[in-house]
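Chain by chain, the residues run as shown.
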Amino acid sequence: MPSRTPETRATSLFMRYAILVLVALIFVFPLVFMLVSSLKPSMQLLSDTSSIRAFLPVGDISLDNYTASFARAPVALFIFNSIFVTSVTVVLNLVICSMAGFSFAFLDWKGKDVMLSIVIATLIVPLETIAIPLLLVVNNLPWIGADGIEWGWLNSYRVQIVPFLSDALTVFLFVQYFRDLPRDLIEAARIDGASWFQIYAKVIMPISGPVIATAAILRFLAMYNQYLWPLMVTQSEQYRPVMVGLQYFFQLNTDWGQVMAYLSMITVPVLAFYLALQRAFITSIASTGIKG
Amino acid sequence: MGRFAKLTGILALTTALAGPALAATELSMWYHGAGGDSAERDTFARIIKEFNESQSDWEVKLQAFPQIAYNDAITAAAVAGKLPDIIDVDGPIMPNWAWSKYMQPLPIPEEKFAKFLPGTLGHWDGKLYSVGLWDAAVAMYARKSVLEENGIRIPTLDKPWTLEEFDAALVKLKDSGKFDYPLDLAMNDKGEWYPYAFSPFLQSFGGDIVDRSTYKTAEGALNGEAAVKFGNWWQSLFERKLAPGTSQDTADHDTGFLEGKYALQWNGNWAALKPLDKFGDDMLFLPAPDFGHGPKIGAASWQLGISASSEHADGAAKFIEFATQDKYLAAFSNAIGLIPATAEAAQMTENYKDGGKLAVFYDLSAKQALVRPVTPGYVFAAKEFRKALSDIADGADVQDTLDAAADAITADIEKNSGYGH
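Note that the protein sequences, when read in sequence, are chains A and B.
Quick note: the first sequence, position 152, residue 133 per our numbering, numbers continuous.
Quick note: the second sequence, position 42, residue 213 per our numbering, numbers continuous.
What the hints contain is simulated information worked out from the structure, not anything from laboratory work.
It should be emphasised that the depicted structure is a prediction, and the values quoted were computed from it without experimental measurement.
There may be inaccurate statements among the hints.
Stated by the list, open to error - If you want a taste of the chain A side facing chain B, the calculated C-beta under 7 Å gives, among others:
id: 1; residue: 30
id: 2; residue: 54
id: 3; residue: 120
Unchecked claim - Computed beta-carbon distance windows for the label pairs:
id: 4; chain 1: B; residue 1: 243; chain 2: A; residue 2: -7; range: 51 to 59 Å
id: 5; chain 1: A; residue 1: 118; chain 2: B; residue 2: 498; range: 41 to 49 Å
id: 6; chain 1: B; residue 1: 297; chain 2: A; residue 2: 128; range: 40 to 48 Å
id: 7; chain 1: A; residue 1: 136; chain 2: B; residue 2: 550; range: 21 to 29 Å
id: 8; chain 1: A; residue 1: 49; chain 2: B; residue 2: 283; range: 57 to 65 Å
id: 9; chain 1: B; residue 1: 342; chain 2: A; residue 2: 61; range: 54 to 62 Å
id: 10; chain 1: B; residue 1: 321; chain 2: A; residue 2: 136; range: 55 to 63 Å
id: 11; chain 1: B; residue 1: 225; chain 2: A; residue 2: 128; range: 30 to 38 Å
id: 12; chain 1: B; residue 1: 243; chain 2: A; residue 2: 122; range: 16 to 24 Å
Even glycine gets a Cβ: it sits at the ideal position worked out from N, Cα and C.
Given the sequences, and given the hints that come with them, work out the whole structure.
Below, the structure is given as structure tokens:
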């Protein structure tokens, strides 16, 4: 097979980069549109949509939409609520689901396979199906507050956190990842006298970075984008998250500039979280073949 | 011991003095305006403040929800048994909430609202359930200069356009070649706008979404001869390129009339100030055409009612009576531009008093308004109507589409045992 000339290699490299740039632009354009539009008055934003100007910060550019967004809704409160609820849920969810995954992958107990099948089967049950019964349940749960025992969890952070402390997809991800780990690790640790919890905490979890990152990102996105459940259980503005807050911006005459400003602000935590875990996420996707 | 007695005395005294302040019973109130017009929120806040200060028995506390999420929040709260005392409700939805036992009849004699526009009063099963502080109206936006240039008669409330006149005007405007489309119907807005804005066309042709004589079927009303005639004309608007269709861009609707791309626009009074500012005296708000059975426009906006689970209906009623004083109706109109519920309040406003910029909308509301079908089934029927009109605009067979919609609505009514009619 004849070796390729430097010209052929250069052309091939150019083509490859051209395609990659094109694909990158397709993915980046919506974000650029959102950011650029957040700086334009609504009328200009709408009239720019029919040309390349939609992606360029030209015309009457200002931060007025951001100022107006803060006047329209308590944006900082909504972002805080979402980050708080999401962070607590993701951390606790990872602990619980990784323990469950560890149990399914490494421990021997009766009915394990049947139980795992049941857990995985719940993947096909959407939240919308169980939302009403779940609402009735949380509405009748007790809680010990400052005034003693109170009934009903509505209008609180816990009602947005506790129902999502475990989920089938995360358990499944951990089980799949753990099953691919060398059994020798476990056996060596057992021979050294480690307890199952020590193996979980000191042997398995430290080498599970990729699956933790993947599960964290998927849970973060799912929780951060929650709409129906918080809408049903947070009647007080004090506990509303960003997606319910987004509805504040859709009025009879929607100001699209403000919508874009709000979306830009609430996208920042998601991008920051993703960028922080990006490397581990890609490693996990590449090694497990799971498509996010 | 002396110190203890002193402390006890002070405690008893402060408790006794605090008594009257604690006596006010809290009334919770939900409304749909979170993120909306701040002037509307401020007006509600002012009314609540003045009500709370006017007496010592009740204290209203307001919780606002975003409009898009409001109905779902109410439904969830009803399931959880956590409805507030006072709710606001969109007029056509009210019968559904009353039938679903989310609301109770207002314990206020109806004579108190004798002077209110009919569209502001929500009835179900012969009882008054809700009352609105304002109404909304739709008109045909037009420019006097455009009509005169094209030799088109300017219609009046007493002599609106007929079907033939209106259709001929559209053709003439299209043939002038000066507009992208002669008429903008806001086909991009696929929400409640379709039944609110377009069912009056159907009713003016002689059809309806359901048969209002029994409310037990849509057969004949939605797919009879009159409805099919409407459907054919409706479809022809888009086939002849007289109006942009369902793929209309929101941006085009928002700017098209102002930029002169559309000659006429079917739009509501809430959007009237921008074209007035731009075109001044050239701007016209014309009555709905008479398609054969009288000119009609939609009616009923947001109204106040009392939840079925409220244990303080008397207090809630007192607040509603307080809020529906003419001075507050006028305050709302001045703040958000909607039509005040009474003629007296209209005279107290800038835009709706005699000679006011938007006074024509009050007259339109008083003379042409027809509420959407007053039935709990409206929520379902409205969706079917919306789909049917959208499909017909996209070229679907008129008779088949209306038959399918009528069948679905009738089946829904039967499934719900007639919705209590």
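Hints versus structure:
Annotation: interface hint on residue 30/A holds; nearest CB of chain B at approximately 6 Å, less than 7 Å. For the restraint placing residue 54/A at the interface with chain B, the shortest Cβ-Cβ distance is roughly 5 Å, inside the 7 Å limit, so the hint holds. A cut of 7 Å between beta carbons decides the hint on residue 120/A: the least distance to chain B is about 4 Å, and the hint holds. Separated by about 55 Å at the C-beta atoms, residue 243/B and residue -7/A satisfy the suggested range of 51 to 59 Å.
In this structure the hint that residue 118/A and residue 498/B lie 41 to 49 Å apart at CB holds, the actual value being about 47 Å. Distance hint for residue 297/B and residue 128/A: a CB-CB separation of about 44 Å, consistent with the stated range 40 to 48 Å. Between residue 136/A and residue 550/B the Cβ separation comes to about 27 Å, which falls inside the hinted range of 21 to 29 Å. At about 40 Å, the CB distance of residue 49/A to residue 283/B disagrees with the hint of 57 to 65 Å.
Hint check: residue 342/B to residue 61/A, Cβ distance near 58 Å, so the stated range 54 to 62 Å holds. Our hint of 55 to 63 Å for residue 321/B and residue 136/A holds, since their Cβ atoms are close to 59 Å apart. Under the hint 30 to 38 Å, the C-beta atoms of residue 225/B and residue 128/A, about 31 Å apart, fit the expected range. The given range of 16 to 24 Å is respected by residue 243/B and residue 122/A, whose C-beta atoms sit roughly 22 Å from each other.
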